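**Q** Work out the full structure, taking the sequences as your base and the hints as a guide.
Quick note, the sequences are listed as chains A and B, same order. The opening position of the first sequence corresponds to residue 106 in our numbering, with each subsequent residue numbered one higher. The opening position of the second sequence corresponds to residue 106 in our numbering, with each subsequent residue numbered one higher.
Derived from the structure by calculation, the hints contain no laboratory data. Possibly wrong hints are sitting among the right ones.
Identical copies go unnamed one by one, so any copy, or any two together, can satisfy a pair.
Quick list of in silico lysine to aspartate or glutamate cross-link-like pairs, DMTMM-like style, CA-CA up to 25 Å [what the hints assert, rightly or not]: (1) 291 <-> 183; (2) 254 <-> 161; (3) 215 <-> 305; (4) 291 <-> 121; (5) 291 <-> 184; (6) 480 <-> 155; (7) 291 <-> 344; (8) 480 <-> 214; (9) 291 <-> 305; (10) 215 <-> 352; (11) 480 <-> 406; (12) 215 <-> 474; (13) 215 <-> 479; (14) 215 <-> 204; (15) 254 <-> 155; (16) 215 <-> 445.
Given the structure is predicted, the values throughout are model-derived calculations rather than measurements.
Protein chains: 2
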Amino acid sequence: MTSTLQTAEVIAVGSELLGSTRLDTNSLFIADQLARVGIELKGKSVVGDDRARLREVFAGALERADLVVLTGGLGPTDDDLTREAVSDALGLELVEDPEITERIRRRFEKRGLTMPELNRRQAMVPRGGTWIPNPNGSAPGMVIPCDGKLAVLLPGPPRELQPMLGDLCAASGAIGRRAGASRIYKVSLFTTGLSESHVEELAQPLYSTWRDGADPIETTILATPGQVELHLSMRSSDEQHARRVLEEARGALTSAIGDAVFTTDNRLLPHVVGDMLRERRLTIAAAESCTGGLLMQRLTDVPGSSAYVKGGVVAYSNEIKIDLLGVDESLLRAHGAVSEPVAAAMTDGIRARTGADVSVAITGIAGPDGGTVDKPVGTVIVAVLIDGEPLQIRTHLFPGGREMVRLQSTQTALDRVRRMLMD
Amino acid sequence: MTSTLQTAEVIAVGSELLGSTRLDTNSLFIADQLARVGIELKGKSVVGDDRARLREVFAGALERADLVVLTGGLGPTDDDLTREAVSDALGLELVEDPEITERIRRRFEKRGLTMPELNRRQAMVPRGGTWIPNPNGSAPGMVIPCDGKLAVLLPGPPRELQPMLGDLCAASGAIGRRAGASRIYKVSLFTTGLSESHVEELAQPLYSTWRDGADPIETTILATPGQVELHLSMRSSDEQHARRVLEEARGALTSAIGDAVFTTDNRLLPHVVGDMLRERRLTIAAAESCTGGLLMQRLTDVPGSSAYVKGGVVAYSNEIKIDLLGVDESLLRAHGAVSEPVAAAMTDGIRARTGADVSVAITGIAGPDGGTVDKPVGTVIVAVLIDGEPLQIRTHLFPGGREMVRLQSTQTALDRVRRMLMD
Numbered sequence: 106m107t108s109t110l111q112t113a114e115v116i117a118v119g120s121e122l123l124g125s126t127r128l129d130t131n132s133l134f135i136a137d138q139l140a141r142v143g144i145e146l147k148g149k150s151v152v153g154d155d156r157a158r159l160r161e162v163f164a165g166a167l168e169r170a171d172l173v174v175l176t177g178g179l180g181p182t183d184d185d186l187t188r189e190a191v192s193d194a195l196g197l198e199l200v201e202d203p204e205i206t207e208r209i210r211r212r213f214e215k216r217g218l219t220m221p222e223l224n225r226r227q228a229m230v231p232r233g234g235t236w237i238p239n240p241n242g243s244a245p246g247m248v249i250p251c252d253g254k255l256a257v258l259l260p261g262p263p264r265e266l267q268p269m270l271g272d273l274c275a276a277s278g279a280i281g282r283r284a285g286a287s288r289i290y291k292v293s294l295f296t297t298g299l300s301e302s303h304v305e306e307l308a309q310p311l312y313s314t315w316r317d318g319a320d321p322i323e324t325t326i327l328a329t330p331g332q333v334e335l336h337l338s339m340r341s342s343d344e345q346h347a348r349r350v351l352e353e354a355r356g357a358l359t360s361a362i363g364d365a366v367f368t369t370d371n372r373l374l375p376h377v378v379g380d381m382l383r384e385r386r387l388t389i390a391a392a393e394s395c396t397g398g399l400l401m402q403r404l405t406d407v408p409g410s411s412a413y414v415k416g417g418v419v420a421y422s423n424e425i426k427i428d429l430l431g432v433d434e435s436l437l438r439a440h441g442a443v444s445e446p447v448a449a450a451m452t453d454g455i456r457a458r459t460g461a462d463v464s465v466a467i468t469g470i471a472g473p474d475g476g477t478v479d480k481p482v483g484t485v486i487v488a489v490l491i492d493g494e495p496l497q498i499r500t501h502l503f504p505g506g507r508e509m510v511r512l513q514s515t516q517t518a519l520d521r522v523r524r525m526l527m528d
Numbered sequence: 106m107t108s109t110l111q112t113a114e115v116i117a118v119g120s121e122l123l124g125s126t127r128l129d130t131n132s133l134f135i136a137d138q139l140a141r142v143g144i145e146l147k148g149k150s151v152v153g154d155d156r157a158r159l160r161e162v163f164a165g166a167l168e169r170a171d172l173v174v175l176t177g178g179l180g181p182t183d184d185d186l187t188r189e190a191v192s193d194a195l196g197l198e199l200v201e202d203p204e205i206t207e208r209i210r211r212r213f214e215k216r217g218l219t220m221p222e223l224n225r226r227q228a229m230v231p232r233g234g235t236w237i238p239n240p241n242g243s244a245p246g247m248v249i250p251c252d253g254k255l256a257v258l259l260p261g262p263p264r265e266l267q268p269m270l271g272d273l274c275a276a277s278g279a280i281g282r283r284a285g286a287s288r289i290y291k292v293s294l295f296t297t298g299l300s301e302s303h304v305e306e307l308a309q310p311l312y313s314t315w316r317d318g319a320d321p322i323e324t325t326i327l328a329t330p331g332q333v334e335l336h337l338s339m340r341s342s343d344e345q346h347a348r349r350v351l352e353e354a355r356g357a358l359t360s361a362i363g364d365a366v367f368t369t370d371n372r373l374l375p376h377v378v379g380d381m382l383r384e385r386r387l388t389i390a391a392a393e394s395c396t397g398g399l400l401m402q403r404l405t406d407v408p409g410s411s412a413y414v415k416g417g418v419v420a421y422s423n424e425i426k427i428d429l430l431g432v433d434e435s436l437l438r439a440h441g442a443v444s445e446p447v448a449a450a451m452t453d454g455i456r457a458r459t460g461a462d463v464s465v466a467i468t469g470i471a472g473p474d475g476g477t478v479d480k481p482v483g484t485v486i487v488a489v490l491i492d493g494e495p496l497q498i499r500t501h502l503f504p505g506g507r508e509m510v511r512l513q514s515t516q517t518a519l520d521r522v523r524r525m526l527m528d
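**A** Quick look at the structure:
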């Protein structure tokens, strides 16, 4: 039987992946490789070096998915149990393949060593399976057909796994051969300034038509601080058609959500703002208080940002606001550092000192201390001054702890600049 | 039934975790918290926003483990399905809890918003379960007893999940109450300025004695840019004994590694430097070029940093170096912006303008462009001036891309300040 493989699960094997320090990162590479041939990753698991548990998890995965990729646990030692657990689950005997033994022996000989007897375990293949040479290590990979489905066993080290999986997914490989004509195509759009539920409410009417349409589009919504992402994906065997349908869907979504959409090509907000500045041949500078340099750091994170970032002042203390930004002491006394008049003076100060076309000021209370009844933690004033336009200034109250408040403050400032430049 | 919880599985829910870009990192924190109360993580899974599949994976996990922790999928939208899938698997009806609805409504009102009707989904609790307030978000957590076992549902964002799980694992919490007598105890130490293999070489002789001793200590080494961490852990039912053994081990390691150890209490470097400044009643300011505010941002990330951070200047362009820091134009022409004389002038400039006791300057080439044969990408000059001491200045060549270079530059600057303050 050689039916098409459509869905997959990944199982990473190794007790070291269950602690508090190491993650299975192979699954990212695997997800990408499989998506390219239209196979959708539906789940992943991590199991320790535990034969019974691995057998169960593998059996469950094989029931749900067409393809199960196991990584790790193919070494020569006692706690490398992937071969055994898979054989148990499939009821297949393990048989030593003399060609593998011979290859491993030669590998050791090349380095002037004798193969330890232990390594013969690596030559054991479940009956009916085929093995894949590993040019970068001693553990061969294995491909085991199971009633029209497929189990693939790969070594854990990325430099061994990656070329082997690449070969398997090629048109002639054991996975690529059985990939369908259909592929998964994706588009996405990122928004800022709206909550997840508000984005959802705007998108909802479109969702339902797509979900039930002739070409069903899957939608995923994902919120991170100051940003809500919408991902659309569609399976199709007609690339042109899929791209057109997804483009239309993205267009409809963008119209429904409006200006809050800041990108449809995965650029992050500092990048989008940077590109707008570059196109308009404008420069930017910032005076930051509570964000302590985070806005500048995010702007300069973008390669090539020196073309439009002039620089900035982190005015964490009042003295610096006075000495480096020329904020009037009487203003600070009358209104306090977290006030619209001071924010306005900060934009004036940074503009005068840098000559930037776009001047941003942020002052607020990031917490955990420093809040008052009138100005609780999360109170942040964002001011943006663009040459020849009226100053835009607004007082916000951001939820969350220090890090969240700081991140939302910079996100809001960047979005304010973006919207002003759009007009 | 209230038997002891010994084993656990974690299920992270969200289709975005099955792509090629995002990993479930919550499980690291969960593994750590559970280990502290002696519960061993036996497996973890990631499932997309797929009700049937999640139900199956959850049912399988609950069969194998005493405790199943699910993260994510508790949002208000259609594809947040954790509540439903768990209810399906356990055969429990979902019931709206009016107190949760009321809390969510108030949360929105506080920000001047009306609660979208969608959010009522977050108030649905499987019958028999109890809910846990979430001070940092709208989704409450849930604890559901299942025939002597336990299912715990937590929101996905780390800042919401972490305090909630911490409470659950406390002695009086739903998990902590049912933990066994033996616990896993841990100590750690963080180093900077040495490579992973260098730290390993220094630690190796101690490792082997611990591994084979009467009280085996497990050791883990973990390298992140600019930092190498050593984690020691030990399982014991005698807390005093375990703590003494681990303290001794940590002491021996600290002696073996020396000054490169900057903390044994998990404070990150900006925090350690901040505490040193506070104790010595000193202030700090920085003039940053290639790091673009990252040093200031890291310093001000620490709550309470306004006590010692004066502020800084991000001098991304030469004009700003001249206008805001008073760097001599002829110096820039003669040596270039990335040169020791300019770095020295930057420290003088920031000191003169801020009056800080500790003045730091960073100038370099973070890449990807801007490198030359003489000054390739990664060339960074770090200068530190402490009042009454000679200027310390050094040219570094950091490996890696833009982000790595920027991070290592700030790490090196912070470490330089730390070592100068120690003397």
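**Q** So, for every hint listed, does it hold in this structure?
**A** Verification of the hints:
Taking the closest pair of Cα atoms, residue 291 and residue 183 come within 25 Å of each other only across two copies (20 Å); inside a single copy the shortest separation is 41 Å, beyond that limit. For the identical chains of this complex, residue 254 and residue 161 are neighbours both inside a copy (17 Å) and across copies (19 Å), given an alpha-carbon limit of 25 Å. Within a single copy, residue 215 and residue 305 get their C-alpha atoms only as close as 52 Å, which misses the 25 Å cut-off; across copies the closest is 21 Å, which meets it. In this assembly of identical chains, the alpha carbons of residue 291 and residue 121 lie at most 25 Å apart only when taken from different copies (13 Å versus 33 Å within one copy).
Taking the shortest Cα distances, residue 291 and residue 184 sit within 25 Å of each other only across copies (18 Å), while inside one copy they are farther apart (38 Å). In this homomeric assembly, residue 480 and residue 155 never come within 25 Å of each other (Cα to Cα): the closest approach is 53 Å inside a single copy and 43 Å across copies. For the identical chains of this complex, residue 291 and residue 344 are intra-copy neighbours only, at 11 Å inside a copy versus 53 Å across copies, given an alpha-carbon limit of 25 Å. With identical chains, the CA atoms of residue 480 and residue 214 are at most 25 Å apart between copies only, with a shortest distance of 17 Å across copies and 56 Å within one.
Taking identical chains as interchangeable, the C-alpha atoms of residue 291 and residue 305 lie at most 25 Å apart only when both belong to the same chain, with a minimum of 19 Å there against 43 Å between chains. Taking the closest pair of Cα atoms, residue 215 and residue 352 never come within 25 Å of each other, the shortest separation being 47 Å inside a single copy and 38 Å across copies. Proximity of residue 480 and residue 406 under a CA criterion of 25 Å is satisfied inter-copy only: 20 Å between copies versus 31 Å inside one chain copy. Proximity of residue 215 and residue 474 under a CA criterion of 25 Å is satisfied inter-copy only: 20 Å between copies versus 47 Å inside one chain copy.
In this assembly of identical chains, residue 215 and residue 479 lie within 25 Å of each other by CA distance solely across copies; the values are 14 Å between and 57 Å within a copy. In this assembly of identical chains, the alpha carbons of residue 215 and residue 204 lie at most 25 Å apart only when taken from the same copy (16 Å versus 71 Å across copies). In this homomeric assembly, residue 254 and residue 155 come within 25 Å of each other (Cα to Cα) both inside a single copy, at 24 Å, and across copies, at 21 Å. For a Cα distance limit of 25 Å, the shortest separation of residue 215 from residue 445 across copies, 22 Å, qualifies, whereas the shortest one inside one copy, 52 Å, does not.
Violated hints for the displayed structure, listed by number in ascending order: 6, 10.
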